[in-house]
Amino acid sequence: MDNSTPLAWRSLGYRYGIVAVWVVEFAVFALLAPDTFPTTANLTSLLSSQAVLLLLALALVPTLVTGEIDLSIAGTMTVTATMTAQLNAVQGLSIWTAVAVGLATAAAVGLVNAFLAVRIGVESIIVTLGMGTLLIGLSVWISDSLTISGVSPALGDLLNTPVLRVNTAFYLAIGVGVAMWFVYRHTVFGRGAVFIGKNAEVARLSGLPVARTKVLSFVATALLAGAAGIVVVGIAGGLQPTSLQTLLLPAFAAAFLGSAIVEPGTSNPVGTMIAVLFLATGISGLVLVGLDAWIRDVFYGAAVVVAVTVSRIAAMAAPSGRA
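Sequential numbering of the sequence shown, starting at 1, is according to my numbering.
It should be emphasised that the hints constitute simulated quantities derived from the structure, not laboratory data.
Predicted model only: the values in this text are computed from it and were never measured.
Check the hints yourself; a few may be wrong.
[What the hints assert, rightly or not] Heads up, simulated SDA-like pairs for lysine to any residue below, C-alpha to C-alpha not over 25 Å straight-line:
| hint | residue 1 | residue 2 |
| --- | --- | --- |
| 1 | Lys198 | Leu116 |
| 2 | Lys198 | Ser284 |
| 3 | Lys198 | Ala104 |
| 4 | Lys198 | Gly17 |
| 5 | Lys198 | Val176 |
| 6 | Lys198 | Pro162 |
| 7 | Lys198 | Thr133 |
| 8 | Lys198 | Ala179 |
| 9 | Lys198 | Val219 |
| 10 | Lys198 | Tyr16 |
| 11 | Lys198 | Val306 |
| 12 | Lys198 | Gly121 |
| 13 | Lys198 | Gly265 |
| 14 | Lys198 | Ile126 |
| 15 | Lys198 | Leu32 |
| 16 | Lys198 | Arg119 |
| 17 | Lys198 | Phe182 |
| 18 | Lys198 | Trp181 |
| 19 | Lys198 | His186 |
| 20 | Lys198 | Pro209 |
| 21 | Lys198 | Val178 |
| 22 | Lys198 | Val304 |
| 23 | Lys198 | Gly67 |
| 24 | Lys198 | Val308 |
[Stated by the list, open to error] Derived Cβ-Cβ restraints for the label pairs, each shown as a range:
| hint | residue 1 | residue 2 | range |
| --- | --- | --- | --- |
| 25 | Gly175 | Gly150 | 43 to 49 Å |
| 26 | Ala302 | Ser145 | 30 to 36 Å |
| 27 | Thr242 | Glu123 | 25 to 31 Å |
| 28 | Gln91 | Trp294 | 35 to 41 Å |
By construction, the Cβ of each residue, glycine as well, lies at the ideal position given by its N, Cα and C atoms.
Using the sequences and the accompanying hints, generate a full structural model.
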(Lines of atoms letter the chains of each structure in order from A and count residues from 1; the text may use other names and numbers.)
(Lines give C-alpha, C1' and ligand atoms only; values in the text may rest on other atoms or scores of the structure.)
Protein backbone atom coordinates (compact mmCIF):
# COMPACT_ATOMS: atom_id res chain seq x y z
CA MET A 1 0.00 0.00 0.00
CA ASP A 2 2.82 2.38 0.93
CA ASN A 3 4.62 1.71 -2.35
CA SER A 4 1.50 2.10 -4.44
CA THR A 5 0.67 5.58 -3.16
CA PRO A 6 3.65 7.40 -4.76
CA LEU A 7 3.05 5.48 -7.98
CA ALA A 8 -0.59 6.51 -8.00
CA TRP A 9 0.37 10.15 -7.50
CA ARG A 10 2.94 9.91 -10.28
CA SER A 11 0.35 8.42 -12.61
CA LEU A 12 -2.07 11.22 -11.71
CA GLY A 13 0.65 13.75 -12.45
CA TYR A 14 1.30 12.29 -15.89
CA ARG A 15 -2.41 12.24 -16.70
CA TYR A 16 -3.58 15.60 -15.37
CA GLY A 17 -0.46 17.63 -14.57
CA ILE A 18 -1.25 19.97 -17.46
CA VAL A 19 -4.30 21.22 -15.55
CA ALA A 20 -2.03 22.49 -12.77
CA VAL A 21 0.24 24.09 -15.37
CA TRP A 22 -2.84 25.64 -16.97
CA VAL A 23 -3.84 27.22 -13.66
CA VAL A 24 -0.33 28.62 -13.23
CA GLU A 25 -0.35 29.87 -16.82
CA PHE A 26 -3.65 31.65 -16.23
CA ALA A 27 -2.43 33.20 -12.98
CA VAL A 28 0.79 34.48 -14.56
CA PHE A 29 -1.00 36.17 -17.45
CA ALA A 30 -3.63 37.57 -15.10
CA LEU A 31 -0.82 39.25 -13.16
CA LEU A 32 1.01 40.46 -16.27
CA ALA A 33 -2.10 41.81 -18.04
CA PRO A 34 -4.67 42.39 -15.28
CA ASP A 35 -6.76 44.85 -17.27
CA THR A 36 -7.23 42.67 -20.35
CA PHE A 37 -6.49 38.97 -19.83
CA PRO A 38 -8.73 37.88 -16.91
CA THR A 39 -11.76 39.85 -18.10
CA THR A 40 -15.08 38.29 -18.98
CA ALA A 41 -14.90 39.78 -22.47
CA ASN A 42 -11.52 38.20 -23.19
CA LEU A 43 -12.37 34.80 -21.74
CA THR A 44 -15.70 34.48 -23.53
CA SER A 45 -14.09 35.64 -26.77
CA LEU A 46 -11.31 33.10 -26.25
CA LEU A 47 -13.75 30.22 -25.84
CA SER A 48 -15.98 31.31 -28.71
CA SER A 49 -13.02 31.46 -31.07
CA GLN A 50 -11.92 27.87 -30.40
CA ALA A 51 -14.84 25.94 -31.93
CA VAL A 52 -13.16 25.40 -35.30
CA LEU A 53 -9.80 24.42 -33.82
CA LEU A 54 -11.47 22.07 -31.34
CA LEU A 55 -13.23 20.22 -34.16
CA LEU A 56 -10.12 20.14 -36.34
CA ALA A 57 -7.94 18.81 -33.53
CA LEU A 58 -10.58 16.24 -32.59
CA ALA A 59 -10.63 15.21 -36.25
CA LEU A 60 -7.10 13.90 -35.85
CA VAL A 61 -8.04 11.56 -33.01
CA PRO A 62 -9.74 8.71 -34.95
CA THR A 63 -6.80 8.11 -37.27
CA LEU A 64 -4.14 8.69 -34.61
CA VAL A 65 -5.88 6.22 -32.31
CA THR A 66 -5.54 3.48 -34.93
CA GLY A 67 -1.89 4.25 -35.62
CA GLU A 68 -2.43 6.27 -38.80
CA ILE A 69 -2.05 9.97 -39.53
CA ASP A 70 -4.10 12.33 -41.69
CA LEU A 71 -2.38 15.45 -42.97
CA SER A 72 -5.28 16.31 -45.25
CA ILE A 73 -7.58 17.65 -42.53
CA ALA A 74 -6.95 21.31 -43.43
CA GLY A 75 -7.62 20.53 -47.08
CA THR A 76 -10.75 18.56 -46.22
CA MET A 77 -12.00 21.40 -44.03
CA THR A 78 -11.30 23.90 -46.81
CA VAL A 79 -12.97 21.98 -49.63
CA THR A 80 -16.02 21.26 -47.45
CA ALA A 81 -16.33 24.93 -46.54
CA THR A 82 -15.80 25.99 -50.14
CA MET A 83 -18.41 23.58 -51.51
CA THR A 84 -20.92 24.65 -48.87
CA ALA A 85 -20.40 28.38 -49.40
CA GLN A 86 -20.29 28.11 -53.20
CA LEU A 87 -23.43 26.01 -53.49
CA ASN A 88 -25.43 28.25 -51.17
CA ALA A 89 -24.16 31.76 -51.90
CA VAL A 90 -23.38 31.39 -55.60
CA GLN A 91 -25.48 28.50 -56.91
CA GLY A 92 -28.53 29.25 -54.78
CA LEU A 93 -29.02 25.89 -53.06
CA SER A 94 -30.55 25.93 -49.59
CA ILE A 95 -27.96 26.13 -46.84
CA TRP A 96 -28.88 22.71 -45.46
CA THR A 97 -28.59 21.05 -48.86
CA ALA A 98 -25.22 22.75 -49.30
CA VAL A 99 -24.12 21.51 -45.88
CA ALA A 100 -25.16 17.96 -46.76
CA VAL A 101 -23.21 18.08 -50.03
CA GLY A 102 -20.20 19.52 -48.23
CA LEU A 103 -20.19 16.74 -45.65
CA ALA A 104 -20.69 14.13 -48.36
CA THR A 105 -17.62 15.55 -50.07
CA ALA A 106 -15.67 15.21 -46.83
CA ALA A 107 -16.79 11.60 -46.42
CA ALA A 108 -15.67 10.87 -49.99
CA VAL A 109 -12.24 12.29 -49.19
CA GLY A 110 -12.03 10.01 -46.17
CA LEU A 111 -12.95 6.98 -48.26
CA VAL A 112 -10.29 7.78 -50.87
CA ASN A 113 -7.67 8.25 -48.17
CA ALA A 114 -8.71 4.96 -46.58
CA PHE A 115 -8.65 3.08 -49.89
CA LEU A 116 -5.13 4.24 -50.69
CA ALA A 117 -3.72 3.87 -47.17
CA VAL A 118 -5.55 0.76 -45.94
CA ARG A 119 -6.43 -1.23 -49.03
CA ILE A 120 -3.50 -0.33 -51.28
CA GLY A 121 -1.01 0.05 -48.44
CA VAL A 122 0.50 3.45 -49.25
CA GLU A 123 1.84 5.22 -46.16
CA SER A 124 -0.95 7.38 -44.78
CA ILE A 125 1.34 10.34 -44.19
CA ILE A 126 2.24 10.41 -47.90
CA VAL A 127 -1.31 9.85 -49.15
CA THR A 128 -2.85 12.51 -46.96
CA LEU A 129 -0.09 15.05 -47.55
CA GLY A 130 -0.76 14.85 -51.27
CA MET A 131 -4.52 14.81 -50.77
CA GLY A 132 -4.43 17.90 -48.59
CA THR A 133 -2.48 19.85 -51.20
CA LEU A 134 -4.82 18.66 -53.94
CA LEU A 135 -7.89 19.75 -51.98
CA ILE A 136 -6.51 23.22 -51.30
CA GLY A 137 -5.89 23.68 -55.01
CA LEU A 138 -9.35 22.35 -55.84
CA SER A 139 -10.91 24.80 -53.39
CA VAL A 140 -9.12 27.75 -54.98
CA TRP A 141 -10.33 26.58 -58.41
CA ILE A 142 -13.94 26.18 -57.24
CA SER A 143 -13.96 29.67 -55.74
CA ASP A 144 -12.02 31.17 -58.67
CA SER A 145 -9.56 32.51 -56.07
CA LEU A 146 -12.27 34.83 -54.76
CA THR A 147 -13.76 35.37 -51.33
CA ILE A 148 -17.23 33.83 -51.14
CA SER A 149 -19.77 35.93 -49.25
CA GLY A 150 -23.52 36.02 -48.81
CA VAL A 151 -24.00 32.64 -47.15
CA SER A 152 -27.49 32.21 -45.67
CA PRO A 153 -27.64 33.58 -42.11
CA ALA A 154 -29.61 30.53 -40.95
CA LEU A 155 -26.40 28.59 -40.32
CA GLY A 156 -24.81 31.54 -38.58
CA ASP A 157 -27.87 32.03 -36.40
CA LEU A 158 -27.52 28.44 -35.23
CA LEU A 159 -23.79 28.63 -34.51
CA ASN A 160 -23.38 32.21 -33.28
CA THR A 161 -26.21 32.33 -30.73
CA PRO A 162 -24.61 33.19 -27.38
CA VAL A 163 -25.20 31.00 -24.34
CA LEU A 164 -23.57 32.47 -21.23
CA ARG A 165 -21.82 34.84 -23.67
CA VAL A 166 -20.14 31.95 -25.51
CA ASN A 167 -21.39 30.97 -28.96
CA THR A 168 -23.19 27.68 -29.49
CA ALA A 169 -20.47 26.49 -31.89
CA PHE A 170 -18.14 26.08 -28.90
CA TYR A 171 -20.66 23.94 -27.03
CA LEU A 172 -21.22 21.91 -30.18
CA ALA A 173 -17.50 21.18 -30.42
CA ILE A 174 -17.34 20.20 -26.75
CA GLY A 175 -20.36 17.95 -27.25
CA VAL A 176 -18.59 16.22 -30.14
CA GLY A 177 -15.57 15.66 -27.92
CA VAL A 178 -17.69 14.18 -25.14
CA ALA A 179 -19.43 11.87 -27.62
CA MET A 180 -16.03 10.72 -28.89
CA TRP A 181 -14.88 10.06 -25.33
CA PHE A 182 -17.91 7.83 -24.82
CA VAL A 183 -17.22 5.93 -28.05
CA TYR A 184 -13.58 5.24 -27.26
CA ARG A 185 -14.18 4.47 -23.61
CA HIS A 186 -17.46 2.57 -23.61
CA THR A 187 -18.08 0.93 -27.00
CA VAL A 188 -16.69 -2.20 -28.61
CA PHE A 189 -15.66 -0.24 -31.70
CA GLY A 190 -13.80 2.39 -29.68
CA ARG A 191 -11.93 -0.05 -27.46
CA GLY A 192 -11.07 -2.11 -30.52
CA ALA A 193 -9.70 0.97 -32.30
CA VAL A 194 -7.43 1.73 -29.34
CA PHE A 195 -6.21 -1.89 -29.29
CA ILE A 196 -5.49 -1.73 -33.02
CA GLY A 197 -3.45 1.41 -32.54
CA LYS A 198 -1.30 -0.28 -29.91
CA ASN A 199 -0.61 -3.41 -31.97
CA ALA A 200 -2.46 -3.93 -35.25
CA GLU A 201 -1.01 -7.39 -35.89
CA VAL A 202 -2.03 -8.74 -32.49
CA ALA A 203 -5.46 -7.16 -32.99
CA ARG A 204 -5.78 -8.88 -36.37
CA LEU A 205 -4.81 -12.25 -34.89
CA SER A 206 -7.36 -11.65 -32.14
CA GLY A 207 -10.10 -11.37 -34.75
CA LEU A 208 -10.62 -7.62 -34.73
CA PRO A 209 -11.64 -6.07 -38.09
CA VAL A 210 -8.49 -3.98 -38.45
CA ALA A 211 -9.04 -2.80 -42.03
CA ARG A 212 -12.69 -1.89 -41.49
CA THR A 213 -11.91 -0.02 -38.29
CA LYS A 214 -9.19 2.00 -40.00
CA VAL A 215 -11.45 2.80 -42.95
CA LEU A 216 -14.18 4.06 -40.63
CA SER A 217 -11.59 6.07 -38.71
CA PHE A 218 -10.40 7.82 -41.88
CA VAL A 219 -14.00 8.66 -42.74
CA ALA A 220 -14.66 9.92 -39.20
CA THR A 221 -11.57 12.13 -39.38
CA ALA A 222 -12.71 13.58 -42.71
CA LEU A 223 -16.25 14.21 -41.47
CA LEU A 224 -15.01 16.01 -38.37
CA ALA A 225 -12.67 18.13 -40.49
CA GLY A 226 -15.61 18.83 -42.77
CA ALA A 227 -17.71 19.84 -39.77
CA ALA A 228 -14.99 22.33 -38.85
CA GLY A 229 -15.33 23.78 -42.35
CA ILE A 230 -19.10 24.10 -41.95
CA VAL A 231 -18.56 25.98 -38.68
CA VAL A 232 -16.12 28.35 -40.40
CA VAL A 233 -18.71 29.21 -43.05
CA GLY A 234 -21.52 29.56 -40.52
CA ILE A 235 -19.64 31.83 -38.14
CA ALA A 236 -18.09 34.04 -40.82
CA GLY A 237 -20.99 34.03 -43.27
CA GLY A 238 -18.53 33.39 -46.08
CA LEU A 239 -15.07 32.06 -46.87
CA GLN A 240 -11.63 32.90 -48.18
CA PRO A 241 -10.37 29.41 -49.16
CA THR A 242 -6.68 30.15 -48.65
CA SER A 243 -7.19 31.37 -45.08
CA LEU A 244 -7.64 28.02 -43.35
CA GLN A 245 -4.30 26.29 -43.95
CA THR A 246 -2.73 27.96 -40.92
CA LEU A 247 -4.92 25.86 -38.62
CA LEU A 248 -3.08 22.63 -39.45
CA LEU A 249 -0.14 23.20 -37.10
CA PRO A 250 -2.26 24.26 -34.09
CA ALA A 251 -4.48 21.21 -34.60
CA PHE A 252 -1.50 18.85 -34.59
CA ALA A 253 0.03 20.65 -31.61
CA ALA A 254 -3.16 20.09 -29.63
CA ALA A 255 -3.59 16.49 -30.77
CA PHE A 256 -0.01 15.52 -29.90
CA LEU A 257 -0.08 17.37 -26.58
CA GLY A 258 -3.43 15.73 -25.85
CA SER A 259 -1.90 12.30 -26.38
CA ALA A 260 0.55 13.03 -23.56
CA ILE A 261 -2.18 13.59 -20.97
CA VAL A 262 -5.31 11.90 -19.58
CA GLU A 263 -4.37 8.64 -21.34
CA PRO A 264 -0.60 9.06 -21.88
CA GLY A 265 0.69 7.53 -25.09
CA THR A 266 -2.74 7.29 -26.70
CA SER A 267 -4.54 9.98 -28.67
CA ASN A 268 -7.74 10.80 -26.80
CA PRO A 269 -10.51 13.40 -27.16
CA VAL A 270 -10.49 14.72 -23.59
CA GLY A 271 -6.75 15.33 -23.64
CA THR A 272 -7.08 16.97 -27.04
CA MET A 273 -9.79 19.38 -25.86
CA ILE A 274 -7.76 20.32 -22.78
CA ALA A 275 -4.71 20.87 -24.97
CA VAL A 276 -6.59 23.16 -27.37
CA LEU A 277 -7.75 25.39 -24.53
CA PHE A 278 -4.36 25.28 -22.80
CA LEU A 279 -2.56 26.39 -25.97
CA ALA A 280 -5.19 29.01 -26.78
CA THR A 281 -4.81 30.47 -23.29
CA GLY A 282 -1.07 30.72 -23.82
CA ILE A 283 -1.41 32.45 -27.19
CA SER A 284 -3.99 34.90 -25.85
CA GLY A 285 -1.83 35.74 -22.86
CA LEU A 286 1.35 36.23 -24.89
CA VAL A 287 -0.41 38.57 -27.32
CA LEU A 288 -2.05 40.59 -24.55
CA VAL A 289 1.25 41.13 -22.73
CA GLY A 290 2.54 42.79 -25.90
CA LEU A 291 4.41 40.16 -27.89
CA ASP A 292 4.21 40.30 -31.68
CA ALA A 293 2.03 38.02 -33.79
CA TRP A 294 5.00 35.84 -34.79
CA ILE A 295 4.95 34.33 -31.31
CA ARG A 296 1.92 32.28 -32.35
CA ASP A 297 3.89 30.16 -34.82
CA VAL A 298 6.83 29.83 -32.45
CA PHE A 299 4.54 28.78 -29.61
CA TYR A 300 2.66 26.16 -31.62
CA GLY A 301 5.84 24.83 -33.25
CA ALA A 302 7.53 24.44 -29.88
CA ALA A 303 4.37 22.82 -28.52
CA VAL A 304 4.51 20.12 -31.21
CA VAL A 305 8.14 19.28 -30.41
CA VAL A 306 7.56 19.26 -26.67
CA ALA A 307 4.28 17.36 -26.95
CA VAL A 308 5.74 14.55 -29.04
CA THR A 309 8.68 14.23 -26.64
CA VAL A 310 6.49 14.27 -23.55
CA SER A 311 4.05 11.81 -25.12
CA ARG A 312 6.89 9.39 -25.77
CA ILE A 313 8.22 9.72 -22.23
CA ALA A 314 4.73 9.41 -20.75
CA ALA A 315 3.99 6.31 -22.81
CA MET A 316 7.12 4.62 -21.46
CA ALA A 317 6.55 5.73 -17.88
CA ALA A 318 2.77 5.29 -17.62
CA PRO A 319 2.73 1.47 -17.19
CA SER A 320 4.77 1.69 -14.01
CA GLY A 321 2.53 4.52 -12.90
CA ARG A 322 -0.49 2.26 -13.10
CA ALA A 323 1.13 -0.58 -11.18
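Going through the hints against the structure:
1. Lys198 - Leu116: holds (22 Å)
2. Lys198 - Ser284: Roughly 36 Å separates the two Cα atoms, so the pair is violated.
3. Lys198 - Ala104: violated (30 Å)
4. Lys198 - Gly17: It holds: about 24 Å lies between the C-alpha atoms, which stays within 25 Å.
5. Lys198 - Val176: At roughly 24 Å apart (the allowed maximum being 25 Å), valine 176 and lysine 198 satisfy the hint.
6. Lys198 - Pro162: violated (41 Å)
7. Lys198 - Thr133: violated (29 Å)
8. Lys198 - Ala179: holds (22 Å)
9. Lys198 - Val219: holds (20 Å)
10. Lys198 - Tyr16: This hinted pair holds, its Cα atoms lying about 22 Å apart.
11. Lys198 - Val306: Given that 25 Å is the threshold and the Cα spacing comes to 22 Å, the pair holds.
12. Lys198 - Gly121: holds (19 Å)
13. Lys198 - Gly265: The given pair, whose Cα atoms are some 9 Å apart, holds under the 25 Å limit.
14. Lys198 - Ile126: Distance ~21 Å between lysine 198 and isoleucine 126 Cα, so the pair holds.
15. Lys198 - Leu32: Outside the cut-off at roughly 43 Å; violated.
16. Lys198 - Arg119: holds (20 Å)
17. Lys198 - Phe182: With a Cα-Cα distance of about 19 Å, the restraint between lysine 198 and phenylalanine 182 holds, given a limit of 25 Å.
18. Lys198 - Trp181: Roughly 18 Å separates the two Cα atoms, so the pair holds.
19. Lys198 - His186: Holds, at about 18 Å.
20. Lys198 - Pro209: Measuring from Cα to Cα gives roughly 14 Å; hence the hint holds.
21. Lys198 - Val178: Holds, at about 22 Å.
22. Lys198 - Val304: Within the cut-off at roughly 21 Å; holds.
23. Lys198 - Gly67: OK: lysine 198 and glycine 67 at ~7 Å, within 25 Å.
24. Lys198 - Val308: holds (16 Å)
25. Gly175 - Gly150: 43 to 49 Å: violated (29 Å)
26. Ala302 - Ser145: 30 to 36 Å: Hint holds: Cβ distance 33 Å, inside 30 to 36 Å.
27. Thr242 - Glu123: 25 to 31 Å: Roughly 27 Å apart at Cβ, these two residues keep to the hinted range, so it holds.
28. Gln91 - Trp294: 35 to 41 Å: holds (39 Å)
The structure fails hints 2, 3, 6, 7, 15, 25 (numbered hints given earlier, in ascending order).
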